[in-house]
Structures are given as C-alpha cells and as structure tokens.
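**Q** Protein chains in written order, with full-length UniProt numbering: chain A, 1 to 243; chain B, 1 to 243.
Honestly, the hints are just simulated from the structure, not real lab data.
Be careful, since some hints might not be right.
Any copy will do: because identical chains look the same in the list, a pair fits if it lies in one copy or spans two.
[As the list claims (entries may be wrong)] Taking lysine to any residue and the SDA-like style, the derived pairs with C-alpha atoms no more than 20 angstroms apart in a straight line are: (1) K198 - A187; (2) K127 - L3; (3) K55 - L180; (4) K237 - P227.
Note that this is a predicted model, so its numbers are computed, not measured.
Spelled out from the first residue to the last, the chains are:
There are 2 protein chains.
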Amino acid sequence: MELFETMIQHTSVRSFTAQKLTLELKQQLILAAQSASSSNFLQAFSIIAITDSKKRKTIEQLAHFSVDNGNNGEFYVFVADLNKHAQVLAQHNEPSDHLRTIESLIVATIDTTLAAQSMAVFAESEKLGVCYVGGIRNDLFKIKELLDLPPLTYPIFGLFIGYPAEKNEVKPRLPIAAMLGTNTYRALTPALIADYDKKMAAYYQQRTTNNQQAVWSEKVRHHFDSPRRQDTGDFLKEQGFLF
Amino acid sequence: MELFETMIQHTSVRSFTAQKLTLELKQQLILAAQSASSSNFLQAFSIIAITDSKKRKTIEQLAHFSVDNGNNGEFYVFVADLNKHAQVLAQHNEPSDHLRTIESLIVATIDTTLAAQSMAVFAESEKLGVCYVGGIRNDLFKIKELLDLPPLTYPIFGLFIGYPAEKNEVKPRLPIAAMLGTNTYRALTPALIADYDKKMAAYYQQRTTNNQQAVWSEKVRHHFDSPRRQDTGDFLKEQGFLF
C-alpha cells in the first residue's frame with residue numbers, strides 16, 4: 001500500500017539536497033534495473049553512469065537540462081543495445097541482419113525502458129527523486145561520440161536521481177475514460193479534451209512553482225507545431241538499423 | 001527494502017491460482033500505470049483490458065501464449081498512442097506531420113513501456129505475478145482489427161497479471177561488467193560471454209521446471225538466425241508513421 005501512495009505522488013524532480021547516495025544504494029539501483037522483464041531474455045540495454053563532471057555538463061547543455069545541486073545526484077544514460085548480440089553472432093561469423101530491423105529496434109527500446117522504470121520506481125520507494133532526460137536525443141551524434149557508443153546501440157534517455165529538495169504538485173493525468181478501453185480502443189473525444197483542459201488549467205494556475213496559464217491541448221499543439229529531433233532517423237540508420 | 005527484495009525475485013509467471021483480483025486492485029493497477037513519467041507529459045499510451053473470453057483466446061493463440069488458470073487473471077494490451085494528439089490537432093485543423101516521425105514513435109514506445117512497468121512493479125509488490133506478452137506483435141494487423149485500433153497507434157505488448165501458482169527460479173542477469181559503463185560504453189567481450197554462459201548453463205540445468213541444456217549465447221544465436229515479425233515496419237507505415 002505504501003508503494004502505491006509513493007507512485008501516485010510521482011512528479012519529476014529538478015532540485016536536490018546535498019545528500020549523496022550511498023554505494024549500496026547505487027548498487028541496488030543497478031540490480032533493480034536488471035531485474036526487469038526482458039523480451040526473450042535478450043537484455044538489450046546498457047547503462048552508463050556519468051560521473052565525469054565535464055561530460056555531465058556537456059550532456060546537460062545539449063539536453064537543455066539543468067538541476068539545482070545536481071552534483072550530489074546520480075546521472076545514468078540508458079542505451080538500447082543490440083551490439084551485445086552482434087558480438088555473440090560475430091564470434092560465430094553469423095550475419096547480424098536480423099538485429100537491424102525496426103522490430104529489433106522496438107525490442108531494444110522496450111527492454112531499456114523497462115529497466116529504467118524499475119530503477120526509477122525503486123529509487124522513489126527509497127525517497128529519492130527522479131527526472132527522465134529525453135533531451136539527450138537532441139544531439140545523438142554528439143552523445144555517441146562522447147560515450148563511445150558502438151553500432152547497433154542508441155541512447156534513449158538519461159535518468160537523474162537524487163534526494164529531492166522540493167517537488168511540484170502532482171499533475172492530473174488524462175481521465176481514465178480517455179485512456180482505458182475494455183476489449184476495444186477508446187478514443188479521445190472533444191468533450192474529454194475540454195474536461196481535461198479545465199482540470200489542467202486549474203493545476204497550472206495553482207501550483208507553487210512556475211505557475212502559468214496553460215491547458216494540455218495547447219501544450220500538445222505547441223509541441224507538435226514544429227519538427228522535433230529531425231536526425232533521429234538518420235542517426236539510427238548510421239548505427240546500422242534498416243527501416 | 002522489501003520492494004528491492006521483491007524486485008530482484010522477479011520472474012515471469014505463467015501459472016496462476018483461482019484467486020481473482022479485487023476491483024480496487026484493478027483500479028490501482030491503472031492508476032499506477034498512469035503515474036509513470038511521460039515525455040513532455042504527452043501521455044502517449046492507451047491500455048485495453050481484454051475481458052472478452054473469445055478475444056482473449058484469439059490473442060493468446062496469435063501470440064503463442066498460454067497460461068494455466070489464466071481466466072482468473074487480468075490481461076491488458078498496451079498501445080503506443082499518438083492518435084489522441086492527432087485528435088487535438090484535428091480540432092484545430094492542424095497537420096499531424098510531426099506525429100508521424102520515428103522520433104515520435106520512440107516517444108510513444110517509451111511512454112507506453114514506462115506505464116506498463118509501473119503497473120508490473122506495483123502488481124508484484126502486491127504479491128501478484130506478471131508476464132509480458134510481446135507475441136501480440138506476431139500479427140499486428142489482426143490485433144488492430146480485433147481491438148479497433150485507429151491510425152497513429154500500435155499495440156506494443158500484453159501484460160498478464162494474476163496470483164502466481166508457481167514461479168521459476170530467478171534467472172541470473174548479464175554480469176554488471178557487461179552492461180554498466182562509467183562515462184563510456186562498456187562492450188560485451190568473449191570472456192564475459194563465456195563466463196555468463198557457464199552461469200546460465202547451471203541455471204537451466206538446475207531449475208525445477210523445463211530444465212534444459214542451454215546457454216545464453218546459443219539462445220541469442222537461435223533467436224536471430226531467422227527473421228522475426230517481418231511485417232512490423234509495414235504495419236507501422238500503414239498506421240501512418242513515416243520513416
């Protein structure tokens with residue numbers, strides 16, 4: 001029951017205290033990530049702990065990401081990874097064609113994300129705060145160079161973890177009627193959008209930090225009114241994926 | 001601390017008792033899923049609860065998935081969903097081009113998988129057993145028809161949840177040295193593959209059910225020696241994604 005309460009209080013944290021994580025806790029975070037399910041037990045992911053302050057700064061800059069007091073937290077980059085499997089096949093001079101498909105790319109993306117969320121949920125159960133950093137995909141080519149990523153890998157997101165100094169109020173989620181179907185897909189309707197926008201407007205007006213006049217649908221429109229991360233496809237192709 | 005112990009005991013469950021989930025617990029599973037992080041708060045996923053026994057059977061058959069006593073468990077299909085955002089844009093006669101990219105596809109895949117793993121971890125903390133069913137991607141066109149999936153959605157996996165009748169022993173994961181780098185990517189080496197194969201051989205020989213002569217690297221070779229789910233790309237294109 002306690003875990004449920006922790007989970008539904010989840011918000012991203014961007015401000016941390018001076019408390020550092022113990023070595024034991026850091027080891028547990030990795031084991032928690034590894035304990036997640038994996039498609040056909042391929043374990044198609046790697047984790048890179050960013051401890052070098054120069055590399056961390058470079059990543060934070062290109063991801064447009066900054067945290068207060070972030071030097072006390074841990075920063076992990078999660079990498080979808082079929083290079084391991086290419087190594088296995090290479091030992092036997094076998095072709096890696098079937099690693100290169102969009103299906104394989106999806107498998108690796110799923111495996112990596114399952115591992116990350118196991119780490120994140122465990123971290124929050126230990127009173128840590130977390131923040132996913134999708135902004136590392138802003139410049140995939142630079143991240144590749146910085147972390148020496150081999151073919152058939154791609155960095156999906158960063159995960160920042162530390163002790164929270166402050167937290168935003170929890171954002172109301174889409175109404176259940178807009179995301180849960182029974183036996184069939186349930187579409188988002190204009191009425192549901194309008195209802196949810198009202199709820200989100202109240203949230204944004206009332207929250208303690210960064211309060212604003214905003215609704216969900218306007219944020220969605222703004223998000224998709226210009227192209228985002230246009231080189232993701234080119235990067236994946238350069239990494240050896242074929243689609 | 002208790003959650004950590006639960007997590008590292010994770011194995012997929014395919015055999016369930018007669019105990020059904022309470023309505024309250026089912027509601028909590030959905031709320032736990034919704035509580036996960038979401039890229040730019042897009043919430044790009046839907047969940048479909050499969051309660052119709054005919055539909056469940058159809059999905060189990062095409063996914064080559066069966067569980068003992070599965071009629072007592074819950075079966076959810078997780079759908080990556082940018083159709084919601086297309087609805088928002090359509091209300092304002094705005095183009096949906098930027099929803100169609102591989103970058104958007106990745107965002108929706110991540111959002112959906114984060115939600116699923118929050119549900120799975122919460123379920124296990126409540127002594128439930130879970131099993132991901134990637135096999136629903138064996139026939140995406142049929143699943144689309146069965147669940148009436150609109151454009152800009154794709155079904156990623158099923159998640160089966162019930163009270164476990166029996167559990168396999170926990171599979172040893174890849175050695176930390178093969179998946180955790182510090183500041184740089186760490187490659188899987190022949191020596192690490194050999195070490196891990198020994199560990200996995202011992203696991204497969206000793207486990208209580210379905211024990212076998214097997215090692216990880218052979219399973220990887222076998223997995224990738226023929227093409228898998230070759231219509232994933234075509235399906236995604238039919239659903240409106242461009243790559």
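**Q** Each hint needs a verdict: does it hold in this structure or not?
**A** Hints and how they fare:
no. : hint        : verdict
1   : K198 - A187 : within (19 angstroms within a copy, 50 angstroms between copies)
2   : K127 - L3   : both (11 angstroms within a copy, 13 angstroms between copies)
3   : K55 - L180  : between (41 angstroms within a copy, 17 angstroms between copies)
4   : K237 - P227 : both (19 angstroms within a copy, 19 angstroms between copies)
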